[in-house]
Each structure stands twice: as C-alpha cells, then as structure tokens.
Amino acid sequence: MEEALIAQYHPADEMRCPIHFCIGQEAVPAALSLLLKPEDYLFSHHRTHGYYFAKGAPLRELFAEIYGRATGANGGLAGSQDISHTESRFFGGAILAGAVCIAAGAAFGLQHQKAKGISVAGFGEGATDEGAFWEAVNHAGAKSLPILFVVENNRYATFSDQLKRQQTDNIAERVAPFGVKSQSLFGNDAPLVWKTLSQAVNSVRNGSGPMLVEAYTYRWNSHVGPEDDGFNKYRPQREIDFWKRNCPISLLRQKLEKLDWIDNGEVSQMESEIAGEIAECFAFAKASPFPSEANWHSRNFSNATPVADALLAEEESTDFNPSQGEAKLAPY
Amino acid sequence: MEEALIAQYHPADEMRCPIHFCIGQEAVPAALSLLLKPEDYLFSHHRTHGYYFAKGAPLRELFAEIYGRATGANGGLAGSQDISHTESRFFGGAILAGAVCIAAGAAFGLQHQKAKGISVAGFGEGATDEGAFWEAVNHAGAKSLPILFVVENNRYATFSDQLKRQQTDNIAERVAPFGVKSQSLFGNDAPLVWKTLSQAVNSVRNGSGPMLVEAYTYRWNSHVGPEDDGFNKYRPQREIDFWKRNCPISLLRQKLEKLDWIDNGEVSQMESEIAGEIAECFAFAKASPFPSEANWHSRNFSNATPVADALLAEEESTDFNPSQGEAKLAPY
Amino acid sequence: MNRSISYAEAIREATDQALGLSDQVIVLGQLVDTPSGIFGTTTGLAEKHGADRVQDYPVSENLMTAAALGAALTGLRPVVCHQRLDFMIYSMDAITNWLALWRFKSNGKSGVPVTIRAIVGKGWGQGPQHSKSLHAWFAHLPGLRVAMPATAFDAKGLLLESIFGEDPTIIIEGRGLFSMKEEVPEKPYRVRFGKALIRRVGRDATLVALGSMVPPAMRAAEILAQEGISVEVIDPRTISPLDRPAILESVSKTGHLVVAEPGWQSFGAAAEIIAAVAENPASGLKSPPVRVNFPDSHTPMSMALEKLYYPGEQEIAEAVRGTLKKS
Amino acid sequence: MNRSISYAEAIREATDQALGLSDQVIVLGQLVDTPSGIFGTTTGLAEKHGADRVQDYPVSENLMTAAALGAALTGLRPVVCHQRLDFMIYSMDAITNWLALWRFKSNGKSGVPVTIRAIVGKGWGQGPQHSKSLHAWFAHLPGLRVAMPATAFDAKGLLLESIFGEDPTIIIEGRGLFSMKEEVPEKPYRVRFGKALIRRVGRDATLVALGSMVPPAMRAAEILAQEGISVEVIDPRTISPLDRPAILESVSKTGHLVVAEPGWQSFGAAAEIIAAVAENPASGLKSPPVRVNFPDSHTPMSMALEKLYYPGEQEIAEAVRGTLKKS
Ligand SMILES: Cc1ncc(C[n+]2csc(CCOP(=O)(O)OP(=O)(O)O)c2C)c(N)n1
Ligand SMILES: Cc1ncc(C[n+]2csc(CCOP(=O)(O)OP(=O)(O)O)c2C)c(N)n1
Ligand SMILES: [Mg+2]
Ligand SMILES: [Mg+2]
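Sequence order for the protein chains is U, D, V and L.
Residues in the first sequence are numbered from 79 upward in steps of one, following the numbering used here.
Residues in the second sequence are numbered from 79 upward in steps of one, following the numbering used here.
Residues in the third sequence are numbered from 3 upward in steps of one, following the numbering used here.
Residues in the fourth sequence are numbered from 3 upward in steps of one, following the numbering used here.
Each hint can be trusted.
Examples of chain D residues lying across from chain V (beta carbon under 10 angstroms, computed):
no., residue
1, R94
2, Y145
3, N152
4, G157
5, G171
6, A175
7, G204
8, E208
9, R243
10, Q244
11, E371
What the hints contain is simulated information worked out from the structure, not anything from laboratory work.
Owing to the predicted nature of the structure, the values given are computational and were not obtained by experimental measurement.
Yeah, the Cβ is synthetic: ideal placement off N, Cα and C, and Gly gets one too.
The shape of chain U in the complex, shown without the other chains (with noise of 0.2 angstroms):
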C-alpha cells in the first residue's frame, strides 16, 4: 500500500498533505491488528497509516482522506497525520506525545466506567523527548491504566540521532520505576512482535495495569515524503542495509516458507488481491468530490446541545447587587 502510494505522489500531485511511510516498520501494526478489538482506542503520532490499518479502519477512507476528498475519513480536513477514524475509536495527530496523553485519558475513562476494552499509543522514541510523555507515564503507573504503550524505536526523530537527545537507547528501561512495566525486542520478527504484543495485550487487559513494549524497527524511507532524505547524511549506509536485509515482510515470509505454512502461489494471490484492493481504493479517492462548502463555524462548533436541553431549566437572573466587597485573599 505505502509503495502504492509513493507511485502516485507527486505525478499527479494530487495528494497533498505531509505523509510520513511506514515501510519497514509493518510489524508493530500488523501484530496490532490481530490483537485489538473494536472496544479498544487506538492513538497514533504521525506516522499513522500502520496504525489507521491495525484498528481496522476502512481502507479507502484513508485514500480519500489524502486526495483531500468529502468522502474521507475526516471529510479531507485532516491528511495523513492528523487522520482519525472516530468509528473504529482510532485517533492520530501530528503532535508529538499529545495523543499519548489523550491515550492516557481514554484509560483512565474506561477504567473509571469500568468498561471493556483497553487503550494503545503507538509512537517514536522521539516522543519520548517531550516531558508530556512522561506525564502520561507517571500517570499510569500511579492509577495502574489500563494502557498499552507502544514505542517504535527506529532511532532517529527526522534526522537527529536517538543518542544526540538521549543518554541511551532504551526507553523500555526508564518506565518501569515509574511503575510501568515493559519490555523491549526486536522489531522486525512478526512473529516475536505478536508473540509479545500479544502478552501485553493480555496483560493489560486483565487489569494488570500499564505496559511498555519498545520495538527496535527502522523506517526505509525519508523522514515524510517519498523523496530520499539522504542528503542529510544522517545514517550509514550499512545501517540502512543491514534493516533492510532484515525487512519484516521477508523475514515472515521466509519463515512461512520454511515451515511450508505458504507457497508461491498463495502469495502470488495475496499481493494480487492487495493489489486490487489499493486499486478500488485509489479509484474511490479519485471518484470522489472535494469538499466544497465552507461552514466554518458549524465545523468548529456543535449546534445542538441535546444533553442540556434534556437536563437544564430555563431561569431568568434577578438583580446583582455591585457594592459587595471583594473576596479577600488573605493571605495566599
């Protein structure tokens, strides 16, 4: 799909809105995918089609949303990194760490009401930089949330270094004193990568509170866009050969393989019916009208309050008397 993507970028320039590729790091939402249910929340950084993926969310929605389409999944207001699909409860946003708090709060809400379901933020080890990260750690090993935090640590935040912001690598380590429990592997063996997931995801959602699971993945791509970013000279050469040697997709494959789980002709059916799929999907972004009417305040207000018509009377206030003195402060 990501590879689909980049091919239509820029011939047409059609989609235009900042995307950041996941390719090389499917494993995290691939895993994801299998484990969530519907009542679970989903919070993605940037980085979002993975995790728009994981939570099911319509496919399609995601192609019209980046054409800047009516019938995307935000109505073409969002793009690729604040894309959100309320129905599938997963929310994404180009600020870092924010929807890691947000992720906080939606435990905290589940827990509280004693609902099913559990909450999932998934983001960078660059996240991990901002102070508000740690809030929400803090937090949810205090209240013992019922969250599960996912780092994809691919070691850069854009072009800068993990080790130039941070004194080591391993975020998985610094939560757990703040009663977070975690675990850190290898990013790119799916099956590890479920194996894993699949225990936090158990965990947490037995009420065992927090988890941390931090995924040693890479990105292939530039930082966002399909242009090659390496100009920048941020990473060495054997660095991105070596992932790549240890792409997630060949990896699983090769396994499969081994173990006669696919052949050939399984695969072959697979991508075609993937392809196809990416096919509809860009046919129905194209297909689709833009947005067209303004209504700019009915887009950023409610118009109805149903809750406080049902609840609230109507009172008229009677004289305010002015000449009261005012509340003194003493002292503090």
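On the provided structure of chain U, position chains D, V and L with the ligands as indicated by the hints.
Showing chains D, V and L with the ligands alone in chain U's frame:
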C-alpha cells in the same frame, strides 16, 4: 527567621504576599550555603527563603521584598514566591518545574563557555509530576550538564500525598536510567546532608555530569502562610510528631553538644546575634519606602540596545517586488 | 424566593448538581478532594460523590487537559479545575493543538465536552505568576467557548451549560468575585453562551464590562447616575461566542462606548469589542470608544503598585465622562 | 548595488553574521545542524561555527525555551528555532511565566535576550496542527517583542536587531515568504522594532498588512491603482511594539482603513489596529474599517478548502473597494 516572620505576618497585615515557610526543612539550604560559590547559580521553587539564604543574598532585601518595598530584592515586584537576587545568581519562581528547566539552561551556558561554576536547582517532589522536569533530567543526562538537582521530598504537594500522584516515593531511582547519578538520604541529619551534598557538588564541579540528591524531609507549617491547614486532614499527627522529634536543628544541636563542640553560652550568643539581625531586617523593611512610580513600559522593556548600537549598521530597504510566487511547500 | 449564595457556593452547587444529574460528570484537579476544595468550590464533593469522581490530580497540567479529552472520548464529561490560570499555561498544547480542533479535525464526528475552570488571582501580592488572565487568547481559538461569569447566578448557569453542552469550554473565574452573593435558583438551570445581559439600562453611553470588571462598572454607573449621566451596562457573560448584536444595538442607541476588561490592554478582548463596533456601519458612534484595562505590564506584588495597576469604578467613571466630553 | 537574495537566505545570512560577530550567539533547534537546515535558514552553519554553537535539540520544546533563558543568564544570546509555530506551543509556560516577565520580575536587573524564530506553515495540506499563527497572543504579553517580517530585507535586519537587542523576541516567519527575493545589503544591519514602513504611498485608503499578507496587499494595491484607487500600504513590521502613530497618520490622511492579517479574525491583531485607530479622536475615519483575515476556523487540509480559507489579493482589493463605497 521564619518564626519571626510568622509572628509578624498578620498583626500589621503588611507582608501581603503568599509565603511558603521552610521550617523543618532547614538542613538542605543550610548545607548548600556552605558549599556554593559566587560563580554558581541557584534556582529555587516557591519555597524560596532557605535557598535565598543559601546563595548568600542579603537578608534585609528579602524582608523588604516581602514588605513590598522599593528596597526589596526585586523592588517589591516579586514577593516571597518569586524572589530573586541577580547579583547573587539566585533566582526563584512559583511555577513548578519552570526554574528547574532554566537551571538546565544555565548549566548548559556554563558548560558551553567553559566557565567556572555549577547550576543548582532546588525543588520539592511535587515538581517531579511535571513533564517539564523530565525534559530537564533527560537533557542533563544526554549532555552531561554541570547541574545538581536537589529534591526536598517532604511527601506532599500542598495537601496531596506523593503516593496519590506517583507510584513510588523514590525519585532518585527514576532519574538514574536517564544518566543522572543520584542518591537519597534522610534529609534532617544536617551533617549527613552536608556530606552528601558536598560530594555531589564536588562531583558536578569536577565535570562528572549531573547529579540528583533526594533529601527526605518534612515541613512543619502549613503549605502556605502561617495559618494551620490541619483541617484538610492530609497528614496524620504521628507523622508530624515523628518529624518534629527529628527537627534538623535540634538533632544538630544534640550532636554538637554530645561532641562538646558547642555549649549553651555559644548557642545563646548565636541566638541573640540572629535575633539582632532579624530585628535590623524588620526595621530596614518597615523604614523603606514603597515603590511609587508606575513606569509600566520601562519595567517590562529595556530602553537601550547598547550591543546592537555597537554592532549593527543603519540601512534603508529598497523596493520590494510583490509579484513573486509563494514558496511551494510540497510535500512538507 | 431564591436564596442568596456566593459565587463560590454557586459553583459548588452547580458541580454538585452536575455530578448528581449524570454519572458521566467527573471533576479533576489538584486538591479538588480536600476540605479547602479550590476556595470552597469543591468542598465535600469527593465525600458525597466519591474520590474517583472528584479526583485529585498530579501536578501535570498538560496531561490533565489531554486526559480529560481522552476521557471525554469514552463518554465522560470532565470538569478540570485550576487554582490559577497561570498553572494551566502548561496545558496550552493540549488546549490549542488538540481540544480546540478536535471537532473540526474529526469532521464533526467526535465532540469533546471538556470544561476547564481557570481562576484568576488578584491582589494580596499574587505577583506576576499568579494573576494573569488570558481570556483573549482563548477567545481567539476556533472551537473553544469562553465564559467570564461575573455573578453567582451566571457562574452556576454557565458552568452547568458548559458541562452539559457539546463543545470544550474555558470558564474564567475572577478570584475577587468568590465572596459576592446573589439570589440563585436552587434547581439546575442554564445560561446560554453568546447571550449578553443588560445589567443596567441607560441612555447616554454604553459600558461593556467583562468578568470581574462588572461590579466596578455597575458602581461606576451608579456614581455617574448621581451626576445625571445614564449609563447602559452590558455584560457579555461569554466572549466566545460574543454577543456582538447586543453590544451594537446598545451603542447605536447611546452613540458612546467604553469597555472595561480585567486584563492587559493591547491585543485584548476590549480591542475586539471596539473593532466589532467600529467596523459596523450601523453603530453610529458619536465619539471614539475608550478602553479601561490593566496596563500592558506584568502584575506587581507590592500593594503600593497593585493600587496603581488595577483600575476600579473611579477609572471607569472617568472614562465614561471623557468619552461624553469628546463627542 | 546589493545582491538580491531570498527571505530564507537572508535569515541564514543574518544568523551566520551574528554567530561571527559575537561568541555569545548560539542557535538551538531541532535539526538546525542538518544540511536541510530549517528550510535552508541554518544550512552549513554548524559546519562553519561548530555543532556546539548550532545545536540540534531534543524534541523538548518547553525545555528549549527555558534553557535558552538560563543560557542567557550566563551571558549567551540564544536563537531558538521552531519548524512550526504549532510545536512551540509546548513552550508557552516558558514564554509566558518566565521569559516575558523576567526583566519585570528582576526589577530591571536581569535581561534575557532570547530570540525565538517561529515558522508558520501554509498550504500543501499542512492542516490544523501545522499552520497556526498566534502572533496576536504573543503581542498581548508584556515584556515580549514580536516581529512579522514580510521581506528578505526585514527578515535579516529584524533578526539581527533581535539577537543583539536586550529583550526577548518572537519572530513570526511566514513559510510562503521563504522563496521571495529582494535586494539585501551584505553588511549586518538593523531594522528597529516599532517602526512601520510605508511600502506604497497612497491617498484614498490605508491598507495595513502584516507578515505574509504584505505581498498580496501590494498586489491588491496594484490592481486598485489600475482602477484609479490610490492605496497607501503600511507594513508595521513589528506588532510589539506596534507603530500606532504611523498608522494613525496615514488614516488621518486617507480616512479609510483596511487591515490584512494572516491569522484568525476574532481577537486577532487586526482588532487591535482597528481599536487603536477608532479610539483616537484625531483619526478622522470616514468609513468603518474592514478586516481581511482567515476565517475563525482551524485550517482545513484539503486544497479545495484551503482555497476558500486563505484570502489573497482579490479579497483585499474587494475589501478596499467596499470601504470606499461605504463612505
Ligand atoms: C511537538 C512537536 N515537535 C516537533 C515536531 C516535528 N516532528 C515531526 S515528526 C518528528 C520526529 C519524530 O520522531 P519519532 O517520534 O521517533 O517518530 P518517527 O518519525 O521516527 O516514526 C518531529 C521532531 C512535532 N510533530 N511535534
Ligand atoms: C505549574 C504549577 N501548578 C500548580 C502550582 C500550585 N502549587 C504551588 S506549591 C504546590 C505544591 C508543590 O509541592 P512540592 O513541589 O512538593 O513542594 P513543597 O511545597 O512540598 O515544598 C502546588 C501544586 C504551581 N505553583 N505551579
Ligand atoms: Mg523515531
Ligand atoms: Mg513536597
């Protein structure tokens, strides 16, 4: 000094600003007062008096400040919780964790300029709820900054128990994996506090990177102001009794008497010297004029730009051609 | 006959009733669960409704707002309390980048009814970190409602309207108002956003007063009445939405406008009110409008300077006299 | 003859020269040390002046601003760069509760010359979290200077003036302006705060344009000139301090005022400009002033809506025509 301030607080209603007394928490600032040098910077939270004193700032200007006089350390603009004394490199402020971040910047400035001196931040365990605090810790660890973090852990943020807000009461343990060496100790044993802080100050001074010292201590008084806040029933009487029995000043005095290093005569002499100094401070404050000129603009902006005057030329711009297209952002 | 209760009691009563009316309502804030209860506005509520519904919060202001948003997604209606607006500035990211734009960004599919109570300190040496009112900032943000209740009646009605409304709201509460009493109905009632109140009908000049400037504005009108000047006092009650038509109607009657605002003058709310009137061809302004604000300076601690800093009824009355003279 | 360089190059040159002029100058920001260098404005500077002086910073925006303040206390003159103003909102506490009030609170004893560069995204689907301009917020704060350079010449001169001045400053840089070229002197020079520039002399109406609205305002003036309408275009260049006298003088000549601002209308900077004119008895306004702003809405991503959202020269021209018709 604090007791004297309290005795005078209400009768005349002349000290009109929130004051967070530090009775019971004397050991840390007292020890720092012996360890810090003029070139060091000290940044304090709202409970400022001990730290103000620790940096050798003039006592009479503290009193005058609290009385809102023009002769105050800040000309009566700041009050107790926001007091600073630029000449002494002492800076306080009431917003939690804010001053800790500034302290990290001062540490960076010293390191960058290879200047003598270290940066010290004094604060309570409440400030460590703030994400901003963790940004400072992370950065100090990553850059090996010459900063000493001093937490006076008195267990409460206002009336809120630390264990309502944090999963454990051990901040020292939490900063260590960020690359900040740390140590915790019983904070009312003045000689121990001195020894620990002395080692810490030396370590930071010698360029061994950041340190955090967590001193478990207790405040006797209300969170703010002299009135009893016991009606909030936030701490048990036996806890208060325990800590009052472990008053840092009494403990020190007992120890010194046991060692025969001081006798009653010396203590009385010290007490009367201190009483004299305090009386002098009160007299100075009360005799000082109030600030009278509003001068709002020049209080908020500098009138002169001496550096710019020296370095920059005056130039007139030529015509600007407005028919240029805007920068094309694509795709980011 | 209604009882007379204070502004603080009215807030407490509204919160108590909201907690009773719906399980969705929760209260978050530092010390909301203690007997002192945010200057008496939450006292006893944790005992009555449970400490999980009236919940002490860590000193993590950014998280508090963001978490309220997340909780709202799960169906709750959180009320977030800040003892000082200054502390809440740590949560500007949560307010600006998330809360205010959530409905917009979701294409109307997801609303987050979060109520934020922000108390503005005043006097007694609060100093520059305990006294800022940034209501104009919040009113500048699309997607946020901003209320500035001046009386106990409005404090209760606007808080209930906010809690049970569908959009995020910031309520600016002037600390000096907390003791002021007024007749307040016992039942839970609403005061709608965007509906100004004419607090005093007048002929000669329109005096728009916001929040804690309402009582001194009313006293100024009383002083001026003694001098034969009839002032119409308008209290917009909310500044987002702002009832521009009500202000315009009054000005088109009186021809003169003074705005009294408890905040810095430049780029403040008074500027918006004056601009809204000036740009309307029907306003019929007969003299230049005048602003009564705090000076463009941080708040001094010393009471000697506090007196010069905060304007009161005399300054307002003088401004009205001035605008009438100029016409 | 001066060379013609772009807005981005002018910023880069100013920074390069500042780093050369004084060891006190340092640059902090995410990715300032990379070849892409904040849209070319810091490219090559780390190589030339050292990566300790042009320093990549963790994604910790609040710390970055507070640390710049702390560094300024030790004698440095930090320049803090944000790729988007939206990211900087995390540092509102450092800006509002510390930086803006530092000089005041120290009773004039301590100044903190911190320069903050905030880039405002526009177009190409930036969406609501990458396109906000909150210049009006910053101008509301006492103790902060706020610049909105519209041209390469001003971008260089204001940045240098800020770096070597004594007060903290926020410079709002419109991303769309980065490619625009102008003749720029090579030597390091200053553009003073609070001095508006008359970019085009005119007779019939005053058009005040801020930041990235300056080029479309100039184009609108050109369009109107073809129709025989002579417009005076004023670029305040800084909004704190704001050159109110220059605006007033122009309006008292033309009698008509239109303000074009790249930001939300309600409670924005245009309101302050209109209020400042309206409240002055000498302004001699002959028709109601008009604002040309973004609508009071968050920014839509879709290019179809972006087109409706951002006003350009046509909207400005139409506003000027309107105000002349009404008189
Ligand atoms: C508050 C904030 N600051 C800066 C940015 C700009 N930014 C966008 S993505 C990014 C790097 C994120 O790195 P990481 O969190 O590791 O995720 P990755 O891109 O590696 O998946 C940065 C700094 C932002 N979006 N939000
Ligand atoms: C950002 C912020 N939030 C809230 C407050 C209100 N407040 C003042 S002191 C305090 C408690 C501080 O506790 P701690 O840091 O442990 O210091 P202590 O008072 O115990 O010495 C709080 C919450 C504040 N000053 N700043
Ligand atoms: Mg990363
Ligand atoms: Mg404490």
